[in-house]
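Q: The listed protein sequences derive, respectively, from chains A and B. 1 is the number of the first residue of the first sequence in UniProt numbering; add one for each residue after it. 1 is the number of the first residue of the second sequence in UniProt numbering; add one for each residue after it.
Calculated directly from the structure, the hints in this document are not laboratory data. We put the beta carbon where it would ideally sit given N, CA and C, even for glycine. Treat each hint with caution, since some may be false.
With a straight-line Cα cutoff of 25 Å, these simulated SDA-like cross-link-like pairs (lysine to any residue) come out [to be verified]:
(1) B:Lys-533 with A:Ser-168
(2) A:Lys-99 with B:Asn-100
(3) A:Lys-123 with A:Ser-168
Taking beta-carbon pairs under 7 Å as the criterion, some of the chain B residues facing chain A (in silico) [unchecked claim]:
(4) Gly-160
(5) Tyr-381
(6) Asp-440
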Amino acid sequence: MKTPMLLTLLSFTQLLLITILPIASADLVDDTCKKTPYADFCISALRSDPRSSTADTPKLGLIMVDKVDTSAKSTLTKINDLLGKSPDPGMKKALTFCKESYKIVISALVPSSRESLSKGDYKFAVDYMKGAAREASDCEVGFGRKSPLSDLNDYENKAASVASAIASTLL
Amino acid sequence: MQNSPSHTNAPYTLLPEDPSPARPPASSRRPVKVFAATAASVVFLTSLVMLIVNQSPETPTESDHPPRSDPSVRDRLSYNWTNAMFAWQRTAFHFQPEKNWMNDPDGPLYYMGWYHLFYQYNPDSAVWGNITWGHAVSKDLIHWLYLPLAMVPDRWFDAGGVWTGSATLLPDGRIVILYTGDTDESIQVQNLAYPANLSDPLLIEWVKYPDNPVIVPPAGINPEEFRDPTTAWMGPDGTWRILVGSKVDGSGIALIYQTSNFTAFEAQPGLLHAVNGTGMWECVDFYPVSTNSSNGLETSVVGPGVKHVLKASLDDLKKDYYAIGTYDPVSDTWTPDDPEADVGMGLQVDYGRYYASKTFFDQNTGRRILWGWINETDTDYDDLAKGWASVQTIPRVVTFDNKTGSNILEWPVEEVESLRLNSTEFDDILVEAGSAVLLDIGMATQLDISVEFEIEGSDALEALEEPEAIIECATAQNRTTLGPFGLLVLADKSLSELTPIYFHIAKSTNGSLTTLFCADETRSSKALEVFKKVYGGPVAVLDDEKFTMRLLVDHSIIESFAQGGRTVITSRIYPTEAIYGAAKLFLFNNATGVNVTASLEIWQMNSAFIRPFPLEEM
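Chain A extracted, bound-state conformation (with noise of 0.2 Å):
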């Protein structure tokens, strides 16, 4: 009969087409993270997003601030609170240095690099989040051996890094 073959024949295409979409936009968040220096990271962390299914690249790379902004904002929580439990004095001067550099990845860095990748003028988003990610590895580096911030600045370091870089393909 007619009806049960055209209902196969529906929901065969509702099928096609529900696995085709989210496969051509995780095609651009594959072709876009395998620019990046951190392509695995790239991947994982924009699909955790569900905005990147339909995202176009400058939203890709916008998604990848708004990491760069919620990782940092975390972090300066969290070196509040450890300079609140009187750390040495070499303790203190690693955090206290690291405290400024994410203040200005928070007030200057990452509005610049939104502003940039909203408004099409690609390449301060390029430098910008290029320097989040310098602040973040020299916050690291301060700590000598004994970091309590390995894991949010290793992070923040690969989310910025990719950030500049998807906004380099732009250029």
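Chain B: place on chain A using the hints.
A: For chain B alone, kept in the frame of chain A given last:
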């Protein structure tokens, strides 16, 4: 001259505990001639070793930091800049706002006795964003006075930013400005603005055409790759044309728009020009130059004895490229004289830290004048800490080089010479191979230097047997038979920090000599995080010419001109020790096979006292 050399020249104040800068003793205003034989003001250092042995801590490459495991390295990572060091970095006679971020120069023009400069400006921060049009005026292109912001992002058609644009002076005396607005939906459009009051010589108030935008991105063009409208020129049919830069399939392109009234524009079907693989063309500039006179030409001029320069700022390389060619006003196309040196493939406007340049025709003096934006090369953190970022070059006159026939010449406007105070001359100083000579001139942070070099024994040039191919500038520590030789600027006495600006000559494989003009920033500062590289490019030195350089040294900026402006390099320098009275100037010759003699005239330069216009006194 009304200014004494001991006048404090900065609007900032030093902290009480910081050392005050050593000022030069009040000196005679007549040039002082010093002969090598007298040695009264020349200290001859045979410092062969000092130059070839790397004295500074390991030189980081431009992209990575040295491997670290030692916590003490941390202290050097973000240099402990003091207020005095930051204060020193501010320039004395280059245009920069009192604070915050600046980028592209906009709408330069001359009107009713005043030169106007507008500029991309962030009123809130020392990083890019929230872009408005800053505004300043000057009678002489040197002494600038700040005016209120000309335009802010207060309409839907520029809510995202009042971006770069150009001015056109119409024959009937009206002024029109076309600028890129980033709309409230982040689309790049072109908008019209004009003075509220043409009888105000300061052009303080501006009106945005209520029916903006006048041009929107056409089909096939990415709405985020469509910006920076040029000054208009008139075609043979009496209507105007402008260009807007964009990109298609990786090719940089210049789109043409035609108008008779600046409110209704028509897209032309063709492009003025495109070059494969050059990426997005920002800040396109298009202007005529005279091939048989040194006068500038008004933007609409065409005809015999005229060539056209097409220039683009390449977004992906952050460099300004140009080419000289022929414009056909009937077909509205432009063809480069040398297709292998097309826009983006050949000549750079400036081989240093330089971008977003723009020219205008100065109808007051008949010159074509060039502005260029000079970004910082220290870190964003440093910019935010010191509260400002970026300067403009000293405006340059652009002319066609009819000795080579293949490039333009750029030269600082002669008005900069009004800043010259006392000068010191040195004649025929011998600089032997592998040596440096300290030039005793007093302060060495605000200078106008003219120097010419001769290679001793031109037989050395012929005697050079082995070809030493030097295709691009390398550090001044790379010694070859014929170079490098030049000046060490912003150097401390022990040469722990130094910035060599120099010629490097090599014999190419076909037997001819090629000369490079270079600026080596790699040892300019002990601050590790400052971006330091070697800049430069080739420069033609003709048979009857000596090697000549002119340098404008102004704290953290150096503008270097070779062979009368055939090749120019702008440098940003942030020394930690070679500042204030500790900054010195040397001649150097790092060649292995030849001596050079140098003759110089060096002027101390006054401040331009750039400050707000005293509006309340009007």
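Q: Let me make sure I understand: some of the numbered hints might not hold for this structure. Which ones are they, in numerical order?
A: 6
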